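A.B. asks: Sequence:
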Amino acid sequence: MTGYRVSDVMTRQVVYLPAETTLDEAARVMKEADIGDVVVTDGASLAGMLTDRDIVVRAVAERSDPATTTIGSVITREVVMIEQHATAGEAAALMRERGIRRILVCDGERKLVGIVSLGDLAMQLDPNSALSEISEQAPTV
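First residue of the sequence shown? That's -7 in the numbering used here, and the numbers climb one at a time after it.
Calculated directly from the structure, the hints in this document are not laboratory data. This structure is a prediction, so every number in the text was calculated from the model and none was measured. No residue lacks a Cβ here, since even glycine has one placed at the ideal position from N, Cα and C. Please note that a few of the clues may not be correct.
Cβ-Cβ distance ranges computed for the label pairs, FRET-style [claimed, not checked]:
1) 89 / 4: 29 to 35 angstroms
2) 52 / 79: 33 to 39 angstroms
3) 90 / 8: 21 to 27 angstroms
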């Protein structure tokens, strides 16, 4: 895995939604795009990231109304970024250090160019591993 760069394994499809988007709309977008996360914006600024887990753990568990609760109220606001030329090993170490499963990927000017997930790294490390199989089969919202 050390020979691979983040740009080799990242997902280039980044979906942006404004913080005012309701949970049910965000879940619908994620399902249609078959993705597990969206980047949340507040005007022109990056507000954070919403994951399928945020919807389940923070919204459903707290019995929030998905038709009226905005994604801005449940997102993860700590945005962790890594440069696209960093190694896959560096990305894995950053995930381990921060206890996260996804990292936003930026270019040299800190422009967002993708997202790398633990599953992306697992697929590159060993496509036949249990984690890779789970990542491939795991349903998104």
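A.B. asks: Take the hints in turn and mark each one as holding or not.
C.D. replies: Checked hints:
For the pair residue 89 and residue 4, the beta carbons lie near 25 angstroms from each other, so the given range of 29 to 35 angstroms is not met. A hinted range of 33 to 39 angstroms holds for the C-beta pair residue 52 and residue 79, which are about 36 angstroms apart. Residue 90 and residue 8 have their C-beta atoms about 22 angstroms apart, which keeps the hinted 21 to 27 angstroms range intact.
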